[in-house]
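K.L.:
Listed here are the chains, written in short residue letters.
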Amino acid sequence: MDFYTGKVLRIDLSAGATAVEPLDMDWARLYLGGKGLLFRYLWDEVAPGLDPASPANPLMLVTGPFAGTNVTTASRLVVGCKSPTTGTILDSYVGGSFAPEMKFAGYDIIILTGVAPEPTVVWISDDVVEFRSATPYLGMKTSEVEEALRNDLDGDAKVLSIGPAGESRIPWACLSTDQYHKAGRGGAGALMGMKNVKAVAIRGTGSVPVGDAKAFLDAMYALHHDYILTDTNLWAHEEGTPMLVDVINGGGALPTRNYSSGTFEGADKINSESFQKIRVKKRACYQCAIGCRNFHATKWAGAEVRGEGPEFETIALCGSNCGIDDIDALMKFNELCDELGMDTISSGSVVGLAMDLCEKGYADFGLAFGDSKGYLQAVELMAKREGYGAELALGAKALAAKYGHPELAMQVKNMEVPGYDPRGAFGMALSYATSDRGACHMRSFPVGQEIVEGSMPADTFEGKAEWIVNAEAGGQNFFALKFSGIWCDFWAIDLEQIAMLMKHLWGREFSRDELMQMGERIWNLGRLFNLREGLTIADDALPERMHDQRFAEGAAAGKVIDRAAFAAALQEYYAIRGWDAAGVPSEAKLSELGVDVRLSTASRRTKGE
Amino acid sequence: MPHVMISSKKCTGCHMCELACSAQHENAYRPSVARLFSEVNPTTGAIKGHTCLQTACAKCQEACPEDAIVTKEITVRVKGDYPGKEKHGEAVKGYVLVVDEEKCTNCGECYDVCPTGVIHEHPDREVAYKCDLCGGEPQCIAFCQNPHVLAVDLKVDKMDRELQA
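Heads up: the protein sequence lines correspond to chains A and B, in order.
When we follow my numbering, the leftmost residue of the first sequence carries the number 1, and every step to the right adds one.
When we follow my numbering, the leftmost residue of the second sequence carries the number 1001, and every step to the right adds one.
The set of hints was computed from the structure by calculation and includes no laboratory data.
Everything hinted at is true.
With a straight-line Cα cutoff of 27 Å, these simulated BS3-like cross-link-like pairs (lysine-lysine) come out:
id, chain 1, residue 1, chain 2, residue 2
1, A, K214, B, K1093
2, A, K281, B, K1155
3, B, K1072, B, K1093
4, A, K281, B, K1010
5, B, K1072, A, K214
6, A, K299, B, K1009
7, A, K299, B, K1010
8, B, K1158, B, K1130
9, B, K1087, B, K1155
10, B, K1072, B, K1087
11, A, K360, A, K373
12, A, K281, A, K299
Just chain B, same shape as in the assembly (with noise of 0.2 Å):
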């Protein structure tokens, strides 16, 4: 942690987040490789967000066997409002968990740990892939600025509060 969370109940569906995802790491939009999504049933309304919760879940870390999941430190600055920002102010310290792809294999063990599905297999490089909070500044918040809606937050764990002090 710091990670995103995306609240099922405020959630419109719009999916604004994933494309802003994308564009951020894939250089054009294609939601099919964002680092998080909304899962929406049409029909009964029901949402379910899927976000990397970093730190607080870490099963990725745990299950690689070459190391290439790194603990790193991150300063998250959020563009845009979002619920917990009153509480955290501008900036939030704490850690992320990146993919070193120098030692990343594509062995596929993250792949079947990470329970919300948010850890993939690159479809261009032979390489894992996931959220890093776009180094700081989380677009998918960006993206989620209608004030009545404002679903996706950034939540802080006990790891992160030792840091900010």
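Only chain A is shown next, with the shape it has when bound in the complex (with noise of 0.2 Å):
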């Protein structure tokens, strides 16, 4: 077979064993790879009501059939288990170049099973694993231990590692890859940490077949000509996510103040004009033509400080949301996050919270809006855990909750709301609501037509349960889809597009509704694996100032969520999506998509049956 390698690396941690196995190749005609091969692969892995922190949890490193070819940003990878914060499956979608390598090496999926019986780094070197003690490696920031690992294994060696807070199992702590790429929401580096490993070192030397390579270059060549580097992609090169700024403030969307306002006053010393003139040079993914990295640097304090990015949600969370407009303090934030291995979206939520526990006479961290000193150190305490820190790290909700005012956690599922105040784009409402792993803008993006294009009315839900379910530019069957290739948000790639990388893939054509019913399969198998965890209706649900608590000014001055409004909305997509009142996908619907399992089936198939 051709794109794919066939192959599967099981590490048995506890064991010190590993093995290697067929891909199963039926799972990839249905699920594609990436998002879709994952939940496969979890549903069968994750015994039915597994604890989350239990070593019996795998962590899965899955790649794309396309990784590790001139396809660009199909670099990605997917990491995934049932998420010890939310208790969900999850997926978190990293670039650089650790899928590619992974495939140099021979493998679709590594999975991870067991705990490591002493601190562990995994050396993988083509077909060779060894167990190597991490002992000299721990406390290590994420861009020490990836110099330290490529001095000490291999200077070609791609290291998936986590940080400071990785280790002291924060429940967004990242897992990191070529420094400034983070696989980032919903504590997999949490994960890594209980199994007691490091980092995840890989070296690839053997090769990616695609049938006729030089036929297979001329259409890339085409496809890259022709669709990829044209306007409608290049702004993510030219200017990228910073851009977001003016635009999501101006629709009032931009979170402020832990989402007290949509608004924020210092925007403009946050946005893309101010980053623009600390920009050093624009920096890619492996394999992405696009590049749209931008790596700045900057001064705090008298030392250099230096960053690929922020991108918008970390400007938005770790800059408005904590009353920050000190683009260098920012700068520093985004660098210790990085470092420390922590999530910037649900760090800067924590921060932003903990400050207005303070402002409201709650709580007593000595912490306030707009206080950079503060909050440079509330971000070091929180990742080790140490003094108010340790309350910091128990995550929004719980933090919230601990301190009697659960109204203020901006969080859906125990996952931290990202950079668009669903009162500026009602869409976005939904879009939290329903996404499989809690309050996610990867999942459906009607806020890009709803502010950023402006094609959409923001303030209903007329049409937005549709646009959510089925749209191709950004609903959450395409994304499935798009995901699973894994083709970068980046790329607006088309179904016209995959359809010709698919015929490449498989040797035969694909129609645009076999394409979206691909998608369509692999969202409702994570919809399965939720409610075979237990999830109800309660779950999809916002957090309550969404629906309580007006903003005074901007774009969405008086915009609430109307509780009856939301529940309709909600209901309309549950029947939208085939799934009856209580979100439960029916026979019909699941028989109709070719989904091959059941809430009902006895979960683990035995390999070989």
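Two chains, each in its own frame: build the complex with the hints.
P.N.:
Quick look at the structure:
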């Protein structure tokens, strides 16, 4: 088989044993790769009701079939497990060069189970897997452990590591690779910490066959020339996501001072124009001709601060949401999160909440909106669970509850809300509530129409459920397909281009309907997993303040998410999905989609039967 | 020359050139045997391009005891854009150094003298492999087509210029 390596590497950390087994090609046909294949393996290998902190919770590293080729952006890796943070299924994505290296080493998927008896680095050099002591690397920041492992193992090794935050199992600890690239959300880094693994390092010298490589090169050249390197995608190179600061602020949906406002008076100090002044150069993930990464450098307290980013979400949550308009402090916060290995969305949300609790007199951490010194101290204390940082490390939901004000936690399914306030873009209310892993902007993106393009009215649910399910540009079914490819959000790939690539992969034509159905199949599988884990309609909910608190100013002034309108939109969404009023997929829908599992089925399939 | 150069200032570190190079020469994606590479420090962002300078260097040719590194005339027609295209026009004539696999004994003399580290023993065959400008249509340049980047360039030296005339 071309493109796929056809192999899964299993690493049993408890036993110190490894095994290689064939990739299940029936599943690859149904679920493609990336998100889809991850979900299918998780369905089989996470026993229903499993404690996510249990050694049995697998940490899966899954590639897409096009990783390690000239298909732009398809180098992304998805990591997954039952999330220790949300209790849902988790798929978390990261760019860089780790996934292609996995393919060159000969693996489509790597599955880590058990717990290593001592702190461990897993070192994979093609078909040789070694378990090395991680003792010398404990406590190292992500840049330090990467460099140390390149020095100690192989200069060309690619490293997927945790920082101090992963070691202390912060619920939003990341997996880091190529220093600035993070599988950020949902706590995969915390799970790797629980497994006593500091890093997985890999070097691959093999090949990814694609059939007639010269013909494939010609096709890829044409694809780049005609579709990829055009204005549709090059905004990401020329400006990148910081351009959203002004746009979302203008739409009244920029999280400000723990979501108490949708506009930030200091936005122009942390917008795209301001970041362009400290831009050093553009960088790219492996196998990406677009190159969206903004490498910035500045100074904080006399020392150099650098980072690939921050991206919009970081600017929103760690900037305006904390009342911070000091670009240097924001750069430093971003660098600390990168080095400690923590998701910036959750870090910014939790620190913003802690500031809010202090300002309202409910807690006394000595934090205040806009106070950059306290804010930078908070992030370090949090990562190490020191002082009041131990309380912040509970996460927004538990922290707010502990201080008697659960309504101040901006989270869905215990995942903190990203940088688009639903009061300024109603579609995002439904998008966050129905996302498979909690509040996430990467499961459907109606705000792209509601505010960025302005092609859909922002303050209504009319048409939103249909859009979120079925829209080609940014609906859940399409994104489920796209993130199985795995193509990056920043390539506005369409169904024709996907069909062309799928023809190279499978040697046959794919209709638009068949492709969209594949996405829908994957989305339904994720829903079944979450239902099996006990999630109900009550979990498809929003933070209370979205329903109650009106903004005083900005484009969304006076708007709230009406409870009855939201409930009706949720029911409309379920109905469009072919789910019942409790959000359970019907048998007819699952059959139509060819989903090969059912809720009542005993989950474990014995391989080879 | 002509030879390929990677601008470390412009290069984003995407490695598309290495991928395309390996697909062209190995009939599969295998960047560990690419004929050029971009050395990237992920933390500092520092980048160093490693490419063959062909006749402008020729240390491999000088070192070869078997005369297995051969100077060949070549006409390069680059697919797509590159910084020097306006100057050079559609076709560039010049010389390229290629390995005569019949003569090469894999003695390793050239591996030791190459200043940019781009001539090696092939992992599957006991011969040296190096950049041959893809026989005239270099894929590395064709896959560095972001108009804001164009980091992979084609350079022409004196010896080539004489040939143009």
